[in-house]
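K.L.:
Chains A and B are the protein sequences, given in the same order. All residue numbers for the first sequence refer to this note's numbering, where the first residue is 8 and numbers rise by one. All residue numbers for the second sequence refer to this note's numbering, where the first residue is 21 and numbers rise by one.
Keep in mind that the hints are not guaranteed to be accurate.
[Stated by the list, open to error] The list that follows gives simulated cross-link-like pairs (lysine-lysine, DSBU-like), each with its CA atoms no further than 35 Å apart:
| # | chain 1 | residue 1 | chain 2 | residue 2 |
| --- | --- | --- | --- | --- |
| 1 | B | Lys266 | B | Lys83 |
| 2 | A | Lys71 | B | Lys115 |
| 3 | A | Lys336 | B | Lys197 |
| 4 | A | Lys336 | B | Lys217 |
| 5 | B | Lys232 | A | Lys71 |
| 6 | B | Lys217 | B | Lys266 |
| 7 | B | Lys232 | A | Lys60 |
| 8 | A | Lys71 | B | Lys266 |
| 9 | B | Lys63 | A | Lys336 |
| 10 | B | Lys83 | B | Lys63 |
| 11 | A | Lys71 | B | Lys302 |
| 12 | A | Lys336 | A | Lys385 |
| 13 | B | Lys309 | B | Lys266 |
| 14 | A | Lys60 | B | Lys197 |
| 15 | A | Lys71 | B | Lys63 |
| 16 | B | Lys309 | A | Lys60 |
| 17 | B | Lys63 | B | Lys309 |
| 18 | B | Lys217 | A | Lys71 |
| 19 | A | Lys71 | B | Lys128 |
Calculated from the structure, these hints are not laboratory results.
Each chain, letter by letter, is given below.
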Amino acid sequence: MLGSVEQSSGAARTIVEFCRFARERGLSAGVQETLDALNAAAALGVRNSDEMKYGLRSILCSSKDSWDRFEECFETFWRESAPKARSSRAKAPRKDLTSPVDERTPTSLMSTGSGDDVSSEKDGAQAITGASARDRLTQADLSTLSHSDLATLEQISLRLFNQMSRRLARRRRIATSRGQVDLRRTIHRAISRGGDPMNLRYRERKPRPHRLVTLLDISGSMSPYSLFLVQFLYALQKHFRRADTFLFSTGLVEITSLFRAQRLQDALRALSQQPAGWSGGTNIGGSLREFNHIHRRKLRSSDTLFVILSDGWDTGDPGVLAEELYAVKRRVRQLIWLNPLLGLKDYEPIASGMSAALPHVDVFAPAHNLDSLLALEKHL
Amino acid sequence: MGESQASPSDAGNQGVDAIVSGFERLGYITDRSLATAVYLVTKLHKPILVEGHAGLGKTEVAKVLASFLGTRLIRLQCYEGLDINSAVYEWNYQKQLLAIKIEEGSDKTVEEKERHIFSREFLLERPLLQSILVEDTSPVLLIDEIDRADEAFEAFLLELLSDYQITIPEMGTIHAKHLPYVVLTSNRSRDLGDALKRRCLYQWIDYPSLEKEMRIVRTRLPHIEEELARQVVGYVQAVRQLNLSKPPGVAETLDCAEALLTLGMPELDEEAIEQTLGCISKSVEDGAKIRTAGVERLLAG
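So here's chain B without its partners, still in its complex pose (with noise of 0.2 Å):
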């Protein structure tokens, strides 16, 4: 922030500028408001949530965001009941039993042999531990599904996002070199616990408008004629009404245009949404939904 004392406005809208315009060469369009939370995650360096329904690209965010930084991106997937074990390191138990059957003749002392095979050649590198240890530049840690975690795994993560450091029993204590920049994305199946929603940056992303899905369209799919593509995001967006179980997102929406682009089907009539049924709901009842609401509704909408 110093370095732009000069004129901090012109650096903040250029920084936003540059996201915006980044982002959407990597092919994904975002608005001012998510590229003005993804700048300040690279100059505040705190961590963001991303809350929003399925398929609007949640996930997507922090890929496009290693790549527009030419950084690494580490992932870890959350689940129920993942543990150190699995997030953060391991130790390689196999080899240090061979390493200690090779060194038995050795005149090595109980304390060397433990120092031996208590180092960094038998740890197994998890997630988090990767984004600790990358020596040449901050990478993008992604923790995708928080809420799947258990509280006891959010507790944990509150201690690294705070001192970015993990403790090793057998090896003591090692300090990030490079602060990765951490993208948490959450699908709210439970609230996640007050201290750590406010250590965090946070972003909603909501269903995008009928011109930014067309965006996002043209710029997924270029060889989609206008018309076709206008149809079919009408289409679902008026989809997006009918209080479904399952709203199709964005995801949603490019299934089903390169569903039509495929079948080699130059509009959407009733045939073609018959067809491409399965790429918009995922339960028969949905299905259903679709079905009774008349195509002739959804296609004007």
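With the rest of the complex left out, here is chain A (with noise of 0.2 Å):
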């Protein structure tokens, strides 16, 4: 295909438009990138597609998914550019740019936001709440509150949450001993008196927190409780080092990267644009098993903290829940189930793919009101 170009500069411009429709499709083709692109283009030689396919390639991915989607781009590209159409400053791809560019990227989900909550912080902003009140509130199940409650809960919940958190970032701080001798700074002041270290300079270990990883069922069973859930893990996910953070439902959506980069309300509306499967069904076991075979070396038994959040009414087969949960509970260091049904006087768990799940969760406790989910602290 390449070998019809004869002249170089028409060869370097192809490679300059490839670059640029490249950057329409998602892929990281910046200007470092098209400079090397060029370069490579140059080391290989233009007449050989294959070898210039490889080229671009590495140089234009950079993750397996972009790899993957790497040679559809490339084939496209060519077909649609015939050798006459190139010259004349590429038409066919400019005309992708209304095509869907990439509906994961961040500004596009930021940019579409509903607007739904910006009522809800003016309700809560006018809210003022007494103790009674605010214990009412915390006590009360999430699914039975009214809906001018549920926006004062939610200033309460924001304030509680980063309370805990910060609570938690403090009580590590304490718990660091006085550290290692220092012997870098010790030789540095010793060198005035004759090397003999008379004062002995420390260096404290970096505090470690732990990692956390957590699954948040939000499927149709749980849709009372879900935006709360996802403030809770918000807030809790900011004091550890690392957090992976997942929604479930009949599959399994990795939301990690939309949590860490954005504030708490972008965040919000760009998940509602996730296609997740809001309040659909339930597969646990085959969300876990997804788990495990994609992110089961995200899992450190000595310092993970494995979350799920769902009321176990599972569609999927239980035996399979049991199986992926044991494979989980292997490599992490607790495993945590949080239940809001079980904030409910007569529940028991008893629904298949609960009792199939308890044998391995170490913490089986419920999420159904605000004091439930502070108590968690003391498990972190």
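Two chains, two frames, a set of hints: combine them into the complex.
P.N.:
Written out as structure tokens, the structure reads:
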């Protein structure tokens, strides 16, 4: 395909156009990459299209995901731009500007907000809460609250969640001991005293917060709780050195980067755009299998806390759930299952999924109101 | 790139060909995709990030590249908590303390003493500094399992890979005489930072096709019978379809084939599979899955 391009300036232009085309398709083809691509083309020669493809791929891709998308992008470009069209500044790629760029880029998620949450913010601002009202709200089951109560509770919860995560951070700092002798600084000070290390300098070990991996059930039966649980997770993840967050219903969606990069309101807005199957059915076992298959390496038995937030209503095979949960259990420090239904007085974990899961769970706790979520602090 | 102006295409082709055949001579079967990327590493002097499942020879790329180029391999194994002291340099404190004592009676000024004990003589060079200090030719620097190190180290690495220089406060800045060829490997236990990824060429290594895996086995184990090799490779390829928690890589295929050779088994039957199960599956559950899948199906596959 590339064989028809004889002059090197023509070839260079094609490369630049391809880079632009790739950028429109969501690959990371910035200025530096384009320059590298030109250098690569010069080093490889343009006659052999296979090598050209491999070379461009190694430059423009930076993950397995983009690696998998490259082939199609490459083929489309050369198919659409026939040799003649290429010299006229590539009309074919231009058309694609309007086509689906990459729905997963954070910018497009942020720009398409619904604006619903603005009103709830306003409501919350005027809410004044006495101690008794606050107690009532923090202890009320989230699914039974009225709309205005929800807005108030959202305000309280944000504050409390933040308090909690600050407390967690402080607890860690107090716990660290004096640490090791810092020989480098000690010697520096000792030179002027003839080498006797009279004043020892210390170096503290950096605190090592645990890793947190959370799976939040967003199926229909969980929908009264989902919003709060998302906020809870958002507050929580800020104080772990590494926090990976996933949503699941019938499938698994990772939202770690969404959470990390944005303010809470933006993150919530972006989340609502995720094709994650909000309020759909549940397949906990299948989602866990997916997790184990792809993300297993994120677990580390020395320091990972694994938290599942789900009511345990599972339409999948309980055997699969038990098997996959056991596989997780062996790779983490603690497996915590938070179940909103546990707040109900006469609840027994007899749903087939839940009873299959229980033997592998270290901490089984309620998550139906604010107090129960805050009580989780003692397990962290 | 300037010297290949006459027919750049041929030079590029030959360069890639040379890597394919050179790597093969060294016992590493590669395809043109990886060879092209490696060729660009040597031409553009950019680091390469190699990702892929375990046991597919990611680390081997750097080792073979070093012997192919006839240069030194410097290896940094990353782990959680890896810090500058074990990755870049550390002062030899005991020796410094002794030197201070020895010079106690001398009439050197404090400044002279300080300059002496913070000279190269007292510096313990760790891999990253070594790679900068190599005098004669560009070494290959292997940074293995970068995903295990933490973000702080990744940020430091970014700085090193852009300027190829290291600053030691007591000594000043050291520039690389010869830029090292850098190979990073990752098991994808976490996502690497975008900045680092953008600085690198990228190569994904997938499970090999049946033909390629056959060639690898025949190259590594020249004494194996054609038929036995075909059975083992077919069997392992079928096992990879089983949704195991740790699918076997090429390393496992080679282990299994070597085990059969050592045990003197002429063919892969039910008994042989049972005896070499430990080479293929690394957990009880995976072993059970292989057994229930049935020998006939796996051998047919």
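K.L.:
Determine for every hint whether it applies to the structure shown.
P.N.:
Verification of the supplied hints:
1. B/Lys266 x B/Lys83: It holds: about 25 Å lies between the C-alpha atoms, which stays within 35 Å.
2. A/Lys71 x B/Lys115: Outside the cut-off at roughly 48 Å; violated.
3. A/Lys336 x B/Lys197: violated (50 Å)
4. A/Lys336 x B/Lys217: Within the cut-off at roughly 32 Å; holds.
5. B/Lys232 x A/Lys71: holds (21 Å)
6. B/Lys217 x B/Lys266: OK: B/Lys217 and B/Lys266 at ~26 Å, within 35 Å.
7. B/Lys232 x A/Lys60: holds (21 Å)
8. A/Lys71 x B/Lys266: holds (19 Å)
9. B/Lys63 x A/Lys336: Between B/Lys63 and A/Lys336 the Cα gap is close to 47 Å, so the pair fails against 35 Å, i.e. violated.
10. B/Lys83 x B/Lys63: holds (18 Å)
11. A/Lys71 x B/Lys302: holds (25 Å)
12. A/Lys336 x A/Lys385: holds (20 Å)
13. B/Lys309 x B/Lys266: Distance of about 12 Å is within 35 Å: holds.
14. A/Lys60 x B/Lys197: holds (33 Å)
15. A/Lys71 x B/Lys63: Holds. A/Lys71 to B/Lys63 sits at ~24 Å (cutoff 35 Å).
16. B/Lys309 x A/Lys60: violated (39 Å)
17. B/Lys63 x B/Lys309: The hint is violated at about 46 Å.
18. B/Lys217 x A/Lys71: Given that 35 Å is the threshold and the Cα spacing comes to 12 Å, the pair holds.
19. A/Lys71 x B/Lys128: violated (60 Å)
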